[in-house]
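Listed in order, the protein sequences are those of chains A and B.
Our numbering puts the first residue of the first sequence at 4, with every later residue one more than the last.
Our numbering puts the first residue of the second sequence at 187, with every later residue one more than the last.
Since the hints were derived computationally from the structure, they do not count as laboratory data.
Among the clues, some could well be false.
[To be verified] Partial list, computed: chain B residues near chain A (C-beta under 8 Å): (1) 359; (2) 391; (3) 405; (4) 408; (5) 443.
Here the structure is a predicted model, which means the values were calculated and not measured.
Idealized CB from N, CA, C, for every residue including glycine.
Chain residues, written in single-letter form:
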Amino acid sequence: MYRILKKTYLTPTVVRMEIAAPLAARNALAGQFVILRADEEGERIPLTIADHDAERGTVTVIFQVVGGATMALEAKREGDFVATLAGPLGMPTPVEGLKKVAVVGGGVGCAIALPVVKRLFELGAETTSIVGFRTAELAILEQEFLRYSSRFFLTTDDGSKGERGNVCAPLSRLLAAGERFDAVFAVGPLVMMKYVAETTRPYAVKTIASMDPIMIDGTGMCGCCRVTVDGKMKFACVDGPDFDAHQVDFDEAIARLKTYEPIEARARERHCNLYRAASQQAPARTKREEE
Amino acid sequence: MANFNMSNFKHTMPARDPSKRCSDFMETTLGYDENAAMEEARRCIRCKARPCTEGCPVKVRIPEFLALVSEGKFEEAYQVVLQTNCLPAVCGRVCPQETQCEGRCTRGVKGEPVAIGRLERFVADFHLAHSVKEAVRPAFNGHRVAVVGSGPAGLACAGDLAKMGYGVTIFEALHTAGGVLVYGIPEFRLPKSIVRSEVEALRALGVEIVVDAVVGKSFTLSSLLNEWGYEAVFLGTGAGLPRFMGIAGENAKGVFSANEYLTRVNLMRAYEENAETPVYRARHAIVVGGGNVAMDAARCARRLGAEVTVVYRRSREELPARREEVEHAEEEGISFRFLSNPTEILTDGQRNVVGVLCTEMELGEADASGRRAPVEKKGSLFRLDADCVIMALGTSPNPLIPRTTEGLSSGRRGEILADEGGRTSLKGVFAGGDAVTGSATVILAMGAGKRAARSIDEYIRNQ
Numbered sequence: 004m005y006r007i008l009k010k011t012y013l014t015p016t017v018v019r020m021e022i023a024a025p026l027a028a029r030n031a032l033a034g035q036f037v038i039l040r041a042d043e044e045g046e047r048i049p050l051t052i053a054d055h056d057a058e059r060g061t062v063t064v065i066f067q068v069v070g071g072a073t074m075a076l077e078a079k080r081e082g083d084f085v086a087t088l089a090g091p092l093g094m095p096t097p098v099e100g101l102k103k104v105a106v107v108g109g110g111v112g113c114a115i116a117l118p119v120v121k122r123l124f125e126l127g128a129e130t131t132s133i134v135g136f137r138t139a140e141l142a143i144l145e146q147e148f149l150r151y152s153s154r155f156f157l158t159t160d161d162g163s164k165g166e167r168g169n170v171c172a173p174l175s176r177l178l179a180a181g182e183r184f185d186a187v188f189a190v191g192p193l194v195m196m197k198y199v200a201e202t203t204r205p206y207a208v209k210t211i212a213s214m215d216p217i218m219i220d221g222t223g224m225c226g227c228c229r230v231t232v233d234g235k236m237k238f239a240c241v242d243g244p245d246f247d248a249h250q251v252d253f254d255e256a257i258a259r260l261k262t263y264e265p266i267e268a269r270a271r272e273r274h275c276n277l278y279r280a281a282s283q284q285a286p287a288r289t290k291r292e293e294e
Numbered sequence: 187m188a189n190f191n192m193s194n195f196k197h198t199m200p201a202r203d204p205s206k207r208c209s210d211f212m213e214t215t216l217g218y219d220e221n222a223a224m225e226e227a228r229r230c231i232r233c234k235a236r237p238c239t240e241g242c243p244v245k246v247r248i249p250e251f252l253a254l255v256s257e258g259k260f261e262e263a264y265q266v267v268l269q270t271n272c273l274p275a276v277c278g279r280v281c282p283q284e285t286q287c288e289g290r291c292t293r294g295v296k297g298e299p300v301a302i303g304r305l306e307r308f309v310a311d312f313h314l315a316h317s318v319k320e321a322v323r324p325a326f327n328g329h330r331v332a333v334v335g336s337g338p339a340g341l342a343c344a345g346d347l348a349k350m351g352y353g354v355t356i357f358e359a360l361h362t363a364g365g366v367l368v369y370g371i372p373e374f375r376l377p378k379s380i381v382r383s384e385v386e387a388l389r390a391l392g393v394e395i396v397v398d399a400v401v402g403k404s405f406t407l408s409s410l411l412n413e414w415g416y417e418a419v420f421l422g423t424g425a426g427l428p429r430f431m432g433i434a435g436e437n438a439k440g441v442f443s444a445n446e447y448l449t450r451v452n453l454m455r456a457y458e459e460n461a462e463t464p465v466y467r468a469r470h471a472i473v474v475g476g477g478n479v480a481m482d483a484a485r486c487a488r489r490l491g492a493e494v495t496v497v498y499r500r501s502r503e504e505l506p507a508r509r510e511e512v513e514h515a516e517e518e519g520i521s522f523r524f525l526s527n528p529t530e531i532l533t534d535g536q537r538n539v540v541g542v543l544c545t546e547m548e549l550g551e552a553d554a555s556g557r558r559a560p561v562e563k564k565g566s567l568f569r570l571d572a573d574c575v576i577m578a579l580g581t582s583p584n585p586l587i588p589r590t591t592e593g594l595s596s597g598r599r600g601e602i603l604a605d606e607g608g609r610t611s612l613k614g615v616f617a618g619g620d621a622v623t624g625s626a627t628v629i630l631a632m633g634a635g636k637r638a639a640r641s642i643d644e645y646i647r648n649q
C-alpha cells in the first residue's frame, strides 16, 4: 500500500499525484515508468515517472483520466492508498552527452516530456521545448517548461493559445532554418510521434520516441507491449520505452493500442456510474477528453 | 502383513462434468475421499527397490507415506511428504507423475501405477482442512538470506532456509506471491486458495515477503548483499520471457503470448464479471504449442466462450503436456491439429486476426532432444479460421537480473549459469529453477530451490 501525499488537477481531466513509494523513488531516472494499481482488484497500468524525490521517497505521476483504471485512480484522494506501485521500470531516456536537444511533447505526454527536459537542463544541454495541445484549456506545465527550456514553443490545434497548428510546424521551421539538434525526443500520442519522426527523417536527426503500449507486468513477462523496431520485435517494458523513432512501426503500434477498446468502453461506463453514485462530495470530473 | 489391493486400475478420481466445468473456473477434479484414498494406497506393494522415490526430483518417501494412508493415518502421511516437499498440495495437482514417480511404479508394469499424485494431493488437502497445529517458528540463527522471486524455486528455498533458522526475505516483482503458480496455472487446475495457504505457511515460519519489488530495477542484486545485510541471495526469477515464432502477422490484434493471456485470466482474474482487467473474448482461438501451458491457455479460452483448436507440430505421442491435461482438454471439446505448423497469421485491413496459414508436417529423424524432428511437407499449406492466436511456445529466462548485474554469468539463452548446488559465478549468489534451466516443471524448480538452500547453508557456515 502506497499513500497519496498530494493530488492536484492540471486540467479537469489531467491529474498529478505524489505518492510515497521509497523503493521506486530510490533509483528512478527520467524516462522510466512505474506499474500502478489503484485498488486490490484493479488493473495494472504503466505510468511514466513525472518526478521523484529519492530523499523523501516519493514518486510523482501525471495521468489523463481515459479509462476504468485511471478513473479508479482519480477517485482516490490525498491520504488514500494505492494498492500497487512497482518500479522504476524500463530503461532511462539516454540523455548523457547531448548538447543541443529538442523535446516535443503532445497533450498529457508533456508530463513525460518535462522530466526529460529537466534532466537535460541539469546536465547543461541547450533545450528547445515544443509542446502542443488541442486547445488552451488543456495546456499544462507551461511554467515548468519555461523554467528548464532555452527556447519554448506552444501550439494549439484551434489557435486558442500560442501558435495555431501542431508541434511539427515549429520543429520543421527550426530544422529548415538550419538548426542541428543532437537529438529530438518525441513524447505524446502515437500519431504525433509518427509525424515528428517524418519531420526529422529528411534531416537525419536522431529522433527518439517514448512508447506507451499496453502492459501488465512491466518486467518482460507478458509480451503485450511488443513493438516492431527496425523489423525486430522489442518489448517496451525492458528494451524501451524509448526507441529510434525512425525505425518504429507506428501504424502497428496504433492498431495494437486498440486491442481492448470495446471492453474498455464498457469499463468506463461502469466506473462512471459507480463513481457518480459513490461520490457526491467529489469535484466535477466526469468530463473526459477524447484523444 | 498388509492386505494389498491387487486391482490393476487406479481408483478413479471424480471430476466435474465437462459440459458444466467448461464454462466456469472452479477446480476440474474433486480429489479422493478417505475410503478411496485408503483403497488406492493399498495398491502399493512396498517393493524393495522403491523406484517411485528414485523418480521423484525431491525424493519424497513415497512407500512410507502410502503405508500411513492405507492405515488411515493421514496427518502422519502428510508429515512424511512434507519432510522433502514443502508444496504437496501443489505438486499433487501439477506434477507430471507419469514421467516421474508413477512412471517408475512397479504396479505400472502390469496395469496402472499407484495414483501417487492423487494421494499426495489427498493428504495435503486433508492437512489443510484439519490441521489446527500452529507452526513452530525456528529460532533465528542470526543470518539473513534474500530470495528473489516467489515461484516454486523461491518458495522451496525460503522454506528450507527458514526451517534451518535463517531470516529469509522474499522479493516478488508482482503484487501477489506465488510466481507461475498464480499467474500461469489456472484456478481450475490449481485453486489460488491453495497457493495462498502454502505462502501463509511460509509466513508462519517467519519468512517475510516484499511484493512490488523488482530486483535489478527497484534495487540491484549487489545492494542486497552490500547495503541491506543479506549474506546470500537466491535467484528464483523463473523463465518469464515469452517466445514468438517470428512469422508474419504475429503482432496483429488478437495474437497473444500464453503468458499474457494466462496472466490476465489468472493473476488479474479477468474471467470474473466486472473484472477491471480486460481479456480478449475470442470466438475461435488457435493455441500454438503442446505443453501444459498450451493446455492451460486452451482451456481458459474455452471457458471464456471460444471454440478452441490446439495446433502442434508433432504428433499426439510427443505432446509434452501431462496426459491428464490433454484428456481434460479433449473432454471439454478442445480439438487438436497434430503435425501442423503455422507459417503466417492472416489479418484484415484493421490488423485483426482472421486466420492462420499452416503447413503439414511429418516426423523425421530424432533430434537432439531425442524426439523425432518435425519436417515440413512440401505444398501442404492449409488455412484455419480464427480471431485469436495464443502462442504457447515456451519461455526463456527473465533477463532483468543478468542484464543489471555485473559478473553474473549467463548462457546463450539468457539462463543464469549455476552448478548442481545452485552456485553462480558470483560469491554469495545462488540460482535455481527455470531461471537456470529454462522452462521446466514446478517440482524440478522446487528441487533446485532445496539444493540451493543446502548450498547457502554450507556457504554461510564456512564464512
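Query raised in the report: What are the numbers of the hints that this structure violates, sorted from low to high?
Result: Structure breaks hints 2 and 4.
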